[in-house]
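If you want the building blocks of each chain, they are given just below.
Protein chains: 4
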Amino acid sequence: MSKKNLNIGMIGYGFMGRAHTNAYCQVSHFFDSQHKPVLKAVCARDEAKAKSFAEQWGYESIETDWRKLVARKDIDVIDICVPNNLHAEIAIEAAKNGKMILCEKPLAMDSAQGLKMVEAVEKAKVANMVWYNYRRIPAVTLAKRLIDEGKLGKIFHYRAKFLQDWTIKSDLPQGGQGLWRLDLAAAGAGVSGDLLAHCIDTAIWLNGPMSTVSCMTETFVKERMHTLTGKVEKVGIDDACIFFGKFANGSLANFESTRYARGHKAAYTFEINGENMSLGWDLHDLHRLQVFDYTDESKIRGWKSVHVTDNSPEHPYMEKWWVPGLSIGYDASFTHQVADFLTGLDTGKTASPTFRDALETQQILDAILESAKTKQWVSVAK
Amino acid sequence: MSKKNLNIGMIGYGFMGRAHTNAYCQVSHFFDSQHKPVLKAVCARDEAKAKSFAEQWGYESIETDWRKLVARKDIDVIDICVPNNLHAEIAIEAAKNGKMILCEKPLAMDSAQGLKMVEAVEKAKVANMVWYNYRRIPAVTLAKRLIDEGKLGKIFHYRAKFLQDWTIKSDLPQGGQGLWRLDLAAAGAGVSGDLLAHCIDTAIWLNGPMSTVSCMTETFVKERMHTLTGKVEKVGIDDACIFFGKFANGSLANFESTRYARGHKAAYTFEINGENMSLGWDLHDLHRLQVFDYTDESKIRGWKSVHVTDNSPEHPYMEKWWVPGLSIGYDASFTHQVADFLTGLDTGKTASPTFRDALETQQILDAILESAKTKQWVSVAK
Amino acid sequence: MSKKNLNIGMIGYGFMGRAHTNAYCQVSHFFDSQHKPVLKAVCARDEAKAKSFAEQWGYESIETDWRKLVARKDIDVIDICVPNNLHAEIAIEAAKNGKMILCEKPLAMDSAQGLKMVEAVEKAKVANMVWYNYRRIPAVTLAKRLIDEGKLGKIFHYRAKFLQDWTIKSDLPQGGQGLWRLDLAAAGAGVSGDLLAHCIDTAIWLNGPMSTVSCMTETFVKERMHTLTGKVEKVGIDDACIFFGKFANGSLANFESTRYARGHKAAYTFEINGENMSLGWDLHDLHRLQVFDYTDESKIRGWKSVHVTDNSPEHPYMEKWWVPGLSIGYDASFTHQVADFLTGLDTGKTASPTFRDALETQQILDAILESAKTKQWVSVAK
Amino acid sequence: MSKKNLNIGMIGYGFMGRAHTNAYCQVSHFFDSQHKPVLKAVCARDEAKAKSFAEQWGYESIETDWRKLVARKDIDVIDICVPNNLHAEIAIEAAKNGKMILCEKPLAMDSAQGLKMVEAVEKAKVANMVWYNYRRIPAVTLAKRLIDEGKLGKIFHYRAKFLQDWTIKSDLPQGGQGLWRLDLAAAGAGVSGDLLAHCIDTAIWLNGPMSTVSCMTETFVKERMHTLTGKVEKVGIDDACIFFGKFANGSLANFESTRYARGHKAAYTFEINGENMSLGWDLHDLHRLQVFDYTDESKIRGWKSVHVTDNSPEHPYMEKWWVPGLSIGYDASFTHQVADFLTGLDTGKTASPTFRDALETQQILDAILESAKTKQWVSVAK
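Residue numbers (the working numbering), protein chains in the order written: chain X, 16 to 397; chain Y, 16 to 397; chain B, 16 to 397; chain G, 16 to 397.
Just so you know, these hints were derived from the structure itself, not from any lab.
Careful: at least some of the hints might be erroneous.
Same chains, same label: a pair holds when it works inside one copy or across any pair of copies.
[Stated by the list, open to error] No farther apart than 27 angstroms at their CA atoms in a straight line, the calculated lysine-lysine pairs in the DSSO-like style are these:
#	residue 1	residue 2
1	K83	K364
2	K237	K249
3	K169	K184
4	K280	K314
5	K55	K18
6	K249	K261
7	K280	K159
8	K314	K166
9	K51	K261
Hey, can you work out the whole structure from these sequences and the hints?
Structure (structure tokens):
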């Protein structure tokens with residue numbers, strides 16, 4: 016069987032540029048599809064960096080202007096791995112050029128901008144997806160299956176946290192390569208858009224839409240040197256963000272994110288409590304799903320630590336990897352997402368989350384930030 | 016050395032009546048003091064139950080009317096172990112009779128009532144204490160010491176949860192023996208007063224006062240059969256309660272309690288994140304303190320699970336018990352609290368939390384319940 | 016109902032003297048029986064220490080000569096809490112005097128001596144028991160029930176370890192109060208008799224008799240100051256002991272004990288692997304039983320951490336204590352053992368392990384020490 | 016900088032063929048070297064399977080006779096990924112042809128055969144390495160660094176286990192693709208050669224040579240259908256293997272492996288107890304190193320769970336991957352091993368373990384199997 020090449024045009028070469036590129040390299044070694052990604056071109060403003068990245072990963076060519084890249088005839092897919100403030104313009108232009116688009120999360124700076132992106136890709140009828148990669152961690156996908164099978168019964172609670180500690184140092188600057196996440200102009204928001212966005216995406220996938228929220232944010236370090244201006248400037252992002260609220264199914268939400276939780280590197284955790292089963296997960300041990308099954312015999316009921324590494328179809332994605340007990344890494348979540356995207360192209364049924372799916376997260380982010388500002392409960396827009 | 020007897024008059028014979036009585040029995044076997052509790056009398060409306068309890072535990076006499084008990088000349092201490100709606104009347108009358116008072120938590124139905132109790136004991140100048148026993152779990156006391164030593168540096172976050180799952184069944188009735196905690200009239204509130212009260216007491220002890228809060232509550236099961244009326248009646252208590260807010264030291268609070276978290280029996284957990292150290296604790300493994308020490312050598316930094324069982328003075332209370340590695344139970348927290356109360360009598364310096372200390376928790380409970388009702392941020396009264 | 020008093024004569028006042036006495040105090044508060052222990056007399060060679068202990072715990076009288084104690088008419092039970100080399104003489108004399116005997120473990124210095132003790136109590140027809148208390152940790156008792164129900168199927172492996180680290184310091188002396196466990200003359204053996212004895216007792220209770228063993232021992236610190244002679248003397252005990260072998264049911268044994276495992280205080284752990292279920296336990300978290308149930312649905316199979324604290328009959332002993340989630344301590348294992356002993360007296364069916372039951376452990380200890388000496392496999396005597 | 020191509024000739028296409036090939040693909044994306052692996056040819060007796068594998072992974076050509084492959088001028092490296100009984104012949108022939116050789120573990124069927132392989136590669140002066148990949152798990156490499164820094168002080172104990180449960184079913188056949196590990200003729204031994212070989216390799220790397228051992232083995236299922244003969248035949252391999260012994264540094268060894276430990280998929284664990292520090296590791300959570308540091312302040316001493324994922328040079332290999340907290344998979348251990356092999360070629364200093372290094376593991380395997388047969392202690396050959 017000869018495969019159809021899918022020519023990738025990558026914009027950006029940072030952490031996510033590497034993670035996505037790795038996925039394009041890996042996917043065909045482990046997963047079957049009629050489509051095969053080809054590393055056609057990488058784009059960066061700095062030509063030397065683009066060249067170096069292309070050489071490291073095997074991209075066939077480079078560009079230094081993304082407008083040229085999105086106009087190239089030999090490109091099928093545009094992958095957007097640049098700071099959040101650039102997503103919309105690139106995506107809309109790429110859509111106009113008829114390209115499929117894979118966009119880093121969060122989709123946009125806010126839901127208004129996100130809506131324009133959704134309209135652009137839907138008008139252009141191009142395949143589109145947002146890189147909320149945690150849906151494709153096998154343990155998380157298994158959680159989704161258990162919920163869809165009705166194992167949990169009525170849901171009462173959904174709790175999620177994403178805790179980090181890397182910005183506690185007050186002499187860390189804001190802005191520029193690697194630190195744009197601290198710069199409001201580039202990031203649009205702080206931990207809410209960067210970290211809670213992941214928590215929210217997983218939550219609505221697992222537990223359905225949210226209806227109302229109430230939120231507080233905090234900026235612990237008020238001023239930081241800005242690497243672009245060279246001056247100490249006000250910090251505009253949220254360092255920490257806590258919100259509670261209600262899901263449409265009546266369950267309660269409790270979400271928190273911060274970069275000031277000493278001892279946590281990337282502690283994305285969630286727990287969902289159902290009438291008959293509860294589930295828990297922790298990114299720090301991403302290969303495990305915690306399961307409490309109330310239907311177990313009562314004297315030996317307890318939280319089960321399920322090592323989601325069986326190479327059987329029951330453990331999502333894992334039959335393509337190694338043997339039971341041998342774990343895969345964080346990076347595999349991207350490989351799985353590409354695999355699902357390719358399967359979507361094979362079958363004509365696009366993989367989630369699409370831009371429209373991701374817009375819902377954006378609307379919740381808008382609602383929580385408005386609530387933090389007004390100190391009022393806010394209904395999530397639909 | 017001959018010890019001074021301290022004659023106990025116990026009101027109530029339920030779970031807490033047993034836990035306190037056990038502590039009175041145990042304390043002199045393990046801890047030194049010039050005072051020694053004597054089980055003088057137990058009071059219950061049901062004479063047969065009072066007798067049975069007295070026989071089981073060795074109380075010398077019984078009463079069926081608490082007013083008689085608090086008037087008895089041979090009683091030094093009144094211990095109040097009855098539903099919350101009875102605390103104030105008994106405590107105020109006991110104070111008038113010059114008795115020392117040990118009152119179950121929460122102190123009162125609300126802070127207005129609590130204030131009257133504080134005024135009564137302070138006017139009567141009687142020793143008084145509220146049974147927030149978790150302060151005396153050795154791992155929790157160790158946390159307090161580490162904080163007081165300044166090990167944590169600036170505090171950013173304090174998170175606490177108290178999760179249970181015993182009221183999920185909708186055919187569980189409300190009211191009466193063992194189930195008065197579901198009856199608004201007897202309990203005054205639901206999980207907020209029953210469970211969050213513990214979380215708040217520990218928090219203000221460890222991290223200082225709270226300034227403002229925002230809260231939501233939920234009652235999942237709206238109606239339950241009432242065992243006293245025999246009719247299905249509206250459930251008035253909160254089944255779940257989530258709040259966030261700020262401590263006076265600028266750190267953020269995130270608190271949650273529920274009786275609908277399947278898989279959790281009595282999962283009281285807290286975590287406190289400081290600039291230089293973070294601490295965590297879980298009632299389900301009460302003998303462990305989780306410690307992340309940022310001053311550790313960076314390549315071997317990690318969360319330490321400290322088994323707080325060394326029989327050395329460094330592990331609070333533990334030198335009085337067994338040998339390293341051998342744990343004590345939940346019940347020991349009450350024994351420690353009595354030990355500290357007796358030491359307070361020895362030295363003339365009363366043990367915490369006094370009624371006044373516990374009033375602060377009551378004020379925070381008032382604030383969160385008002386916030387839940389008004390859907391507004393509320394400042395904590397001082 | 017009036018209870019029959021059971022007058023206790025305690026010999027010894029050390030760690031175990033306290034643990035047993037505590038159990039006599041606690042048992043009637045929590046467990047029902049027609050018998051009730053009474054603290055009649057404590058015996059110690061040092062009169063002042065005997066008096067102090069009697070005052071602390073409420074013993075009615077003291078003795079300084081155990082021969083007088085065992086001859087006293089008002090004593091029903093002799094409890095032997097002295098170093099191992101004194102067990103036999105006291106027990107045999109007590110049996111002659113018709114006393115019930117509760118003896119600390121290990122039963123004797125070796126199986127020959129143990130056999131004489133067994134013959135003495137069986138000839139005298141007195142109730143007798145050895146304090147292998149870990150059988151009465153609720154999680155361990157639950158393991159026994161699961162095995163007896165046939166849940167595990169064919170057993171393949173039984174592993175046990177008891178790791179400590181308190182003798183690593185080479186300047187720790189041997190002999191005398193608190194350190195007699197390092198003195199061969201008083202202890203008879205090192206970690207084998209002190210720690211592996213516990214592991215073996217639990218193992219044969221759960222998994223049946225052992226048939227053959229092969230063992231190695233090591234003494235890391237060859238000489239220590241002797242507190243009784245004041246001189247540096249050869250250390251005769253085993254500091255570490257490892258053995259493997261076979262159980263009669265065909266399963267394999269792997270046992271290890273040491274006092275040189277830095278980081279372990281009293282890490283008694285066992286794991287048993289059956290065809291259909293595996294079980295694990297750790298004294299450091301004694302309230303949990305780890306259960307892997309192969310009959311669970313395959314995609315959510317995992318090790319369950321069962322918090323054995325439900326106040327239902329399904330969780331052994333726990334319905335007598337608090338509410339679900341609230342743990343009991345190490346000390347409760349002794350209380351449970353006394354409770355079972357009293358129930359044995361009520362029903363005329365003696366509680367295990369009797370002296371004869373404990374002799375089996377002694378025979379295995381003899382076999383492993385012989386194997387360590389001869390470097391050959393040794394069959395366990397029957 | 017233009018890199019020197021290193022043409023790989025892969026023999027085999029099973030689990031290990033995939034794992035190694037993946038490493039060749041990944042290494043240049045993440046690690047720097049002057050050498051770059053090129054997937055030149057894959058060899059399998061079944062032409063269709065060779066073709067399919069080549070297509071999946073991008074090998075340029077195929078062979079169906081390994082003798083042709085090892086004779087090809089365009090091949091630099093022979094990678095041996097076939098059953099153990101074929102290692103020696105291929106390796107010796109490849110050495111004669113001047114090829115570098117990367118051989119799957121265990122090196123050989125026994126140490127006599129292994130010695131011939133060592134002599135062949137040393138005579139031919141070709142770079143050689145054995146795929147004991149667990150040395151390159153970052154947490155394990157970190158353990159090595161801590162030991163080399165002297166952090167542990169005197170070592171008392173080294174314990175290792177490798178537990179699986181996949182052969183409990185008695186109707187599982189032996190022999191043929193995927194099941195050759197159960198066939199004595201192909202595998203040479205059971206869990207000893209397959210699993211304990213890993214444990215031993217890590218142990219001697221971390222803790223130095225072993226001097227004497229005593230061992231037992233067991234075959235639980237005595238007969239299994241043989242897929243090659245179609246008949247029920249005696250099972251010749253060891254299903255379980257336990258040994259203890261001494262390291263040259265005086266520390267005690269306790270090793271165990273089995274495929275009958277229900278609940279364990281690939282539970283390779285080790286623990287090493289030193290005077291000042293103890294370390295533990297578990298393949299099921301391979302990104303964590305457990306560290307007990309006795310030099311910590313005594314009141315907060317405890318086992319630390321170090322998440323070995325910092326992208327700093329202090330966490331071996333991790334600076335080449337993602338950001339702190341994001342784990343890598345089992346497969347990365349092979350990538351790291353290739354990276355070290357390439358660095359060895361760059362610098363002229365070959366990476367460990369060489370064939371000679373791996374011979375030591377073979378000698379220990381010989382000793383334990385002899386001990387299991389003779390039931391005597393056996394000295395390890397040097």
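For each hint, the structure was consulted:
{"no.": "1", "hint": "K83 <-> K364", "verdict": "neither (29 angstroms within a copy, 47 angstroms between copies)"}
{"no.": "2", "hint": "K237 <-> K249", "verdict": "within (6 angstroms within a copy, 48 angstroms between copies)"}
{"no.": "3", "hint": "K169 <-> K184", "verdict": "between (43 angstroms within a copy, 12 angstroms between copies)"}
{"no.": "4", "hint": "K280 <-> K314", "verdict": "between (37 angstroms within a copy, 13 angstroms between copies)"}
{"no.": "5", "hint": "K55 <-> K18", "verdict": "both (16 angstroms within a copy, 21 angstroms between copies)"}
{"no.": "6", "hint": "K249 <-> K261", "verdict": "between (33 angstroms within a copy, 22 angstroms between copies)"}
{"no.": "7", "hint": "K280 <-> K159", "verdict": "both (25 angstroms within a copy, 24 angstroms between copies)"}
{"no.": "8", "hint": "K314 <-> K166", "verdict": "both (20 angstroms within a copy, 13 angstroms between copies)"}
{"no.": "9", "hint": "K51 <-> K261", "verdict": "neither (42 angstroms within a copy, 52 angstroms between copies)"}
Hints 1 and 9 from the earlier list are contradicted by this structure; the remaining hints agree with it.
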